[in-house]
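*Asks:* Each chain, written out:
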Amino acid sequence: EPEVTQTPSHQVTQMGQEVILRCVPISNHLYFYWYRQILGQKVEFLVSFYNNEISEKSEIFDDQFSVERPDGSNFTLKIRSTKLEDSAMYFCASREYPTGNQPQHFGDGTRLSIL
Amino acid sequence: GENVEQHPSTLSVQEGDSAVIKCTYSDSASNYFPWYKQELGKGPQLIIDIRSNVGEKKDQRIAVTLNKTAKHFSLHITETQPEDSAVYFCAASVPGGYSTLTFGKGTMLLVSP
Numbered sequence: 001e002p003e004v005t006q007t008p009s010h011q012v013t014q015m016g017q018e019v020i021l022r023c024v025p026i027s028n029h030l031y032f033y034w035y036r037q038i039l040g041q042k043v044e045f046l047v048s049f050y051n052n053e054i055s056e057k058s059e060i061f062d063d064q065f066s067v068e069r070p071d072g073s074n075f076t077l078k079i080r081s082t083k084l085e086d087s088a089m090y091f092c093a094s095r096e097y098p099t100g101n102q103p104q105h106f107g108d109g110t111r112l113s114i115l
Numbered sequence: 116g117e118n119v120e121q122h123p124s125t126l127s128v129q130e131g132d133s134a135v136i137k138c139t140y141s142d143s144a145s146n147y148f149p150w151y152k153q154e155l156g157k158g159p160q161l162i163i164d165i166r167s168n169v170g171e172k173k174d175q176r177i178a179v180t181l182n183k184t185a186k187h188f189s190l191h192i193t194e195t196q197p198e199d200s201a202v203y204f205c206a207a208s209v210p211g212g213y214s215t216l217t218f219g220k221g222t223m224l225l226v227s228p
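As they're listed, the protein sequences go chains A and B. Using this note's numbering, the first residue of the first sequence is number 1, and each one after it goes up by one. Using this note's numbering, the first residue of the second sequence is number 116, and each one after it goes up by one.
By construction, these hints were calculated from the structure, which means they are not laboratory data. Just so you know, even glycine gets a beta-carbon here, dropped at the ideal spot from N, CA and C.
Now the stretches of chain B that chain A is said to cover, found in silico as 3 or more residues with beta-carbon under 8 Å:
no., region
1, 135–149
2, 157–168
3, 219–227
Next comes chain A alone, as it looks inside the complex (with noise of 0.2 Å):
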C-alpha cells in the first residue's frame, strides 16, 4: 500500500539553526500537509497546500516556517531560526482530492530536537 515516507525520523539541532525536514507524498495525492505534536500533547495544525501554494495556515505557522514543494515528490518544511519550543514530532500527510473530505494519509513523522 502507497504511503508518505518523512526523513529524517530523527532531528537534533542546535537553537537558532535552520532545519529541514522532507516528506514524499502519495504519488497521486494533490493535497500536502504539515502537523505538529508536541509530546503528550495533541496533534496540531500547522499548513496545507495546494497547486504550489499555500492554501491554510494556523497561527503557529509563522515567518519562521515555510513550505515547498521543490520537484514533483518532495514536500518540505523549513524552520529558519528554532526555538526550544519548536521541539516535537512533526507529521507530513497527504490526500488524493482536492476537494470535499477524503482521509488524509500520515506519514511516521521527524522527532525535532532543539538544544
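Mind docking chain B on chain A? Use the hints.
*Replies:* Below, chain B alone, put in the same frame as chain A:
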C-alpha cells in the same frame, strides 16, 4: 474555530472486552470525522471514518457512531486484543477544499492479556 474534546484520556481493558472512546465537537458545520490509531514511534494511521450523512459505520471489530444533534461521535472496539493497545485520536473537519483536521487530545488504550 473547531474544538474537539476526547475522553477518556486513558482506558484499560481486559482482552476480549469492549472499549468505547467518545468525542464531542463544537462546530455544527463539521461533516467528516476520522479516527486514527498511533502506535509508539509511528504516525497516525486512519482506522475508520464517518461522514455526517450516516449515523453509524462498522468495519469488522471497529465501529463509529455519530450523533449530529448532540455533536458527538464515538469509537467502539469489540473483542479487544493486545495489539489494539495504542493511542487513538478522533478528529473533525468542516466542509471545504482544504479539510484541515482538528484533533482530540487522544486516548491511550491498554489491552491486558
